[in-house]
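2 protein chains.
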Amino acid sequence: MVFDIVIHNGLIITLNSDFDIIENGVVCITKGKLERIEAGANDKPLPEAKEIIDANGGIIMPGLVNTHTHLPMTLFRGLADDLPLSLWLDEFIFPCEAKYLTPETVRVGTLLACAEMLLSGTTTCCDGYFFEDDVASAVYKSGIRGVLGQGVIDFPAPGVPDPSDNIKNAVRFVEKWQNVSPLITPSIFCHSPYTCCQETLKKAKAASDSKGLLFQIHAAETKSEYVRIQSEQHTTPVKYLDRIGSLDENTLIVHGIWLDDDDIEIIAKRRSKVSHNPQSNMKLASGVAPVPSLITAGVTVGLGTDGCASNNDLDLFREMDTAAKLHKVNLMDPTVMDAVTVLKMATREGAKAIGLDNHIGSLEPGKQADVIILDTDKPHLVPMYEPVSHLIYTAQGSDVRDVMVAGRILVRNKNLLTLDLEDILERVTRLSGYIKKKLKVSKVI
Amino acid sequence: MVFDIVIHNGLIITLNSDFDIIENGVVCITKGKLERIEAGANDKPLPEAKEIIDANGGIIMPGLVNTHTHLPMTLFRGLADDLPLSLWLDEFIFPCEAKYLTPETVRVGTLLACAEMLLSGTTTCCDGYFFEDDVASAVYKSGIRGVLGQGVIDFPAPGVPDPSDNIKNAVRFVEKWQNVSPLITPSIFCHSPYTCCQETLKKAKAASDSKGLLFQIHAAETKSEYVRIQSEQHTTPVKYLDRIGSLDENTLIVHGIWLDDDDIEIIAKRRSKVSHNPQSNMKLASGVAPVPSLITAGVTVGLGTDGCASNNDLDLFREMDTAAKLHKVNLMDPTVMDAVTVLKMATREGAKAIGLDNHIGSLEPGKQADVIILDTDKPHLVPMYEPVSHLIYTAQGSDVRDVMVAGRILVRNKNLLTLDLEDILERVTRLSGYIKKKLKVSKVI
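Top to bottom, those sequences are chains A and B.
Our numbering applies: residue 1 is where the first sequence begins, and numbers increase by one.
Our numbering applies: residue 1 is where the second sequence begins, and numbers increase by one.
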């Protein structure tokens with residue numbers, strides 16, 4: 001048999017259920033799928049293939065899974081940092097979203113995000129935003145895999161001036177994209193229990209269920225949300241969502257910081273999933289999610305970067321490092337959130353959190369060939385006693401050399417093959433120059 | 001006048017006392033010193049120079065200052081993570097230090113550290129370890145600037161089998177290195193108030209004072225240290241050190257986590273300095289240093305990575321990102337530790353913390369030409385509304401393109417000019433293979 005691609009001469013971190021690590025590994029790919037993952041033998045020639053990729057002694061692993069993003073927010077990266085949350089949102093983010101988001105700017109902002117993600121080893125993202133049709137077009141163009149949800153919110157939103165259209169609009173997006181490409185999985189992104197009324201939450205979940213979609217929702221993110229739901233619904237955000245039927249195995253709770261023990265039990269019982277976004281939670285001073293307790297309770301927790309305005313990057317390697325360290329100091333226990341646990345969060349558990357675990361998240365025969373190769377011939381990756389430790393505590397997105405999604409090579413030798421990066425950077429720079437000028441004129445900054 | 005080097009076509013972040021940022025900046029260097037820092041004029045030719053460096057629209061800034069490292073510990077990077085502190089130290093780090101540290105391994109481990117630091121934009125490090133003579137040889141060879149202290153501890157240590165020789169040995173190191181090179185500043189590194197008896201602490205400080213040196217000491221790092229000093233000395237670590245005369249403007253308190261309000265006041269009053277190492281403190285679950293309170297009290301706080309065994313890298317860009325985010329979530333206030341404050345910690349405040357603020361830490365005429373240039377033509381650095389925000393929240397060590405120390409170019413186009421990187425990586429890999437084999441045989445891992 002002649003494979004499409006054979007990758008060899010690398011250490012394979014499979015992320016399979018036995019957490020097998022294969023030295024001098026060989027990965028065989030055909031028609032976008034993984035066919036064989038095995039140890040190479042020095043006395044045996046390599047399997048035949050149309051293309052042979054030498055990993056040069058580096059690490060071969062599944063691409064990373066970013067379970068929560070707002071891709072077009074790259075446009076507002078670093079626009080206004082270190083501010084109180086309400087000032088940041090009311091004076092900068094909301095006005096900029098209202099004024100500067102158009103189908104065209106959303107597309108170029110998403111292309112920028114895809115470029116950043118691919119170049120730093122992310123092969124799947126789960127997004128929720130507005131103008132999601134344009135997000136999807138850009139994601140599709142880049143070749144990255146995406147679970148994409150049109151936003152539902154009870155306020156006028158970019159592209160949805162009349163909130164009463166919000167669910168209809170989200171369903172229209174789903175119907176348009178549900179059969180376009182195996183790489184695009186539509187979803188519904190309900191903004192939060194405090195920006196959507198009970199009726200909207202119920203209708204959005206019903207629409208999501210009727211089509212078997214992932215239902216994404218920000219919940220239990222901030223103390224003010226917690227206080228507000230307590231005041232209005234006389235219970236916690238999670239118990240409120242549970243009471244109105246929002247929680248089941250297709251629900252992805254994003255953030256999940258303000259949780260009590262009963263909330264954790266409910267999430268576990270409903271088999272809902274959680275997206276953990278530690279860097280955003282730290283930067284916005286939202287709090288520390290009880291991730292070790294969630295995992296102990298059996299909840300599937302994936303890792304996410306959140307949007308670029310609150311992080312300010314989409315690099316999951318930095319996010320893994322932070323996730324591992326934050327919980328140690330928070331619980332004053334250096335043994336929690338060990339490197340293996342965190343690596344799983346960013347791969348197989350993340351895939352499960354967004355409903356794609358049958359297809360991606362590990363290197364196993366039959367799964368999609370979403371593979372990345374890291375160059376480990378760098379001072380910060382030497383010596384290497386324990387490769388998984390290096391992936392969490394010292395590897396960087398910039399160590400990623402090659403990236404493929406469904407067997408299609410998107411990054412080769414650190415060069416992005418699918419997009420015109422120079423053109424994207426130039427267009428975003430032009431737009432940001434305009435935004436900057438306008439903000440200065442209005443004396444906001 | 002013909003300068004030695006002129007850098008142009010970049011955004012200069014001067015870090016001078018007015019925090020001037022100069023667009024289209026020009027930096028003129030002669031005899032290792034900064035001569036002029038000014039805005040370029042389009043109608044005027046560039047100043048004449050032996051070498052012209054085009055920053056290509058990137059960022060030109062002072063090199064970063066790492067105020068706390070144990071350079072040779074690169075050799076133990078990732079050797080044993082996610083363990084309880086005592087197990088990590090007693091079963092792995094201490095035995096490995098005892099068995100595998102020799103003058104030769106210390107030299108190669110230090111060369112690896114210098115390579116990593118230079119390639120990620122650090123131009124000055126403050127180190128404390130054993131076999132410091134060999135550390136100094138390697139630092140000198142690399143061309144990086146260093147404040148280097150031979151370790152003083154009341155236990156048999158690598159290279160100092162008899163603790164009664166500890167101070168004599170440290171002084172011998174100082175005398176040997178104090179006039180070798182303007183790039184090497186000797187210091188004394190007293191390990192901690194719980195590993196050195198009162199007599200040792202006093203003698204070491206006296207020796208340090210007699211030569212006008214920086215006196216480095218780990219203090220108030222862990223709860224167990226705090227409890228022990230409380231039990232033995234009936235006061236806090238800082239008050240104990242103050243009582244025995246260890247604290248003055250030449251003292252660098254490393255970590256400074258377990259501090260009460262009085263401790264902070266004492267540190268401020270004595271004008272002692274603090275080295276903040278957030279990633280190490282998180283990974284080892286030591287706690288969160290009250291850095292915003294220290295800064296408010298007027299204490300000079302620099303940033304440090306700590307050794308590679310507890311971080312696991314020497315990248316100050318990652319450390320800045322973490323410092324900015326950790327305190328926000330810890331104090332539940334998104335406005336603390338803003339980007340400018342953190343950038344100062346990693347440059348001018350760091351320089352002040354280790355006694356070099358008259359020479360380095362900012363780009364100002366008369367100071368040493370320790371300069372780095374960042375390539376900002378990358379997806380994660382676009383758009384750029386606020387360059388300082390990007391340096392803290394999204395720039396990576398790998399964005400550093402050129403590095404010079406005292407006007408000598410050490411990194412050009414991401415290539416290290418002073419060291420044979422391939423040889424260093426090979427030697428460290430060989431040594432780590434041996435260590436790994438030995439540890440496996442003894443069934444420790």
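Errors might be hidden in some of the hints.
For chains that are exact copies, the list does not tell them apart, and a pair is met inside one copy or across any two.
To be verified - In the DSS-like style, the derived pairs of lysine-lysine whose C-alpha atoms are separated by at most 27 Å in a straight line are:
(1) Lys378 <-> Lys202
(2) Lys414 <-> Lys378
(3) Lys33 <-> Lys352
(4) Lys378 <-> Lys438
(5) Lys378 <-> Lys437
(6) Lys99 <-> Lys378
(7) Lys141 <-> Lys414
(8) Lys378 <-> Lys436
(9) Lys378 <-> Lys211
(10) Lys141 <-> Lys378
(11) Lys168 <-> Lys44
(12) Lys414 <-> Lys168
(13) Lys437 <-> Lys414
(14) Lys378 <-> Lys203
(15) Lys436 <-> Lys202
(16) Lys50 <-> Lys99
Everything labelled a hint here was simulated from the structure, so no lab data went into it.
For clarity, every value in this text was computed on a predicted model and none was experimentally measured.
Status of the hints after comparison with the structure:
Proximity of Lys378 to Lys202 under the C-alpha cut-off of 27 Å is found in neither arrangement, the shortest distances being 52 Å within a copy and 42 Å between copies. Within a single copy, Lys414 and Lys378 get their C-alpha atoms as close as 15 Å, and across copies as close as 12 Å, so both meet the 27 Å cut-off. In this homomeric assembly, Lys33 and Lys352 come within 27 Å of each other (Cα to Cα) only inside a single copy, at 18 Å, whereas the closest approach across copies is 56 Å. Taking identical chains as interchangeable, the C-alpha atoms of Lys378 and Lys438 lie at most 27 Å apart only when they sit on different chains, with a minimum of 24 Å there against 43 Å within one chain.
With identical chains, the CA atoms of Lys378 and Lys437 are at most 27 Å apart between copies only, with a shortest distance of 22 Å across copies and 41 Å within one. In this assembly of identical chains, the alpha carbons of Lys99 and Lys378 lie at most 27 Å apart only when taken from different copies (26 Å versus 44 Å within one copy). With identical chains, the CA atoms of Lys141 and Lys414 are at most 27 Å apart within one copy only, with a shortest distance of 18 Å there and 31 Å across copies. In this assembly of identical chains, Lys378 and Lys436 lie within 27 Å of each other by CA distance solely across copies; the values are 19 Å between and 38 Å within a copy.
Within a single copy, Lys378 and Lys211 get their C-alpha atoms no closer than 47 Å, and across copies no closer than 39 Å, so neither meets the 27 Å cut-off. Only between protomers do Lys141 and Lys378 lie at most 27 Å apart by alpha-carbon distance; the minimum there is 20 Å, versus 32 Å within a single protomer. In this homomeric assembly, Lys168 and Lys44 never come within 27 Å of each other (Cα to Cα): the closest approach is 59 Å inside a single copy and 61 Å across copies. For a Cα distance limit of 27 Å, the shortest separation of Lys414 from Lys168 qualifies neither inside one copy, at 41 Å, nor across copies, at 52 Å.
For the homomeric pair Lys437 and Lys414, neither the shortest alpha-carbon distance inside one copy (34 Å) nor that between copies (34 Å) is at most 27 Å. For the homomeric pair Lys378 and Lys203, neither the shortest alpha-carbon distance inside one copy (52 Å) nor that between copies (42 Å) is at most 27 Å. Proximity of Lys436 to Lys202 under the C-alpha cut-off of 27 Å is found in neither arrangement, the shortest distances being 40 Å within a copy and 57 Å between copies. Taking the shortest alpha-carbon separations for Lys50 and Lys99, neither the intra-copy value of 49 Å nor the inter-copy value of 49 Å comes in at or below 27 Å.
The structure is inconsistent with the numbered hints 1, 9, 11, 12, 13, 14, 15 and 16, although it conforms to all the rest.
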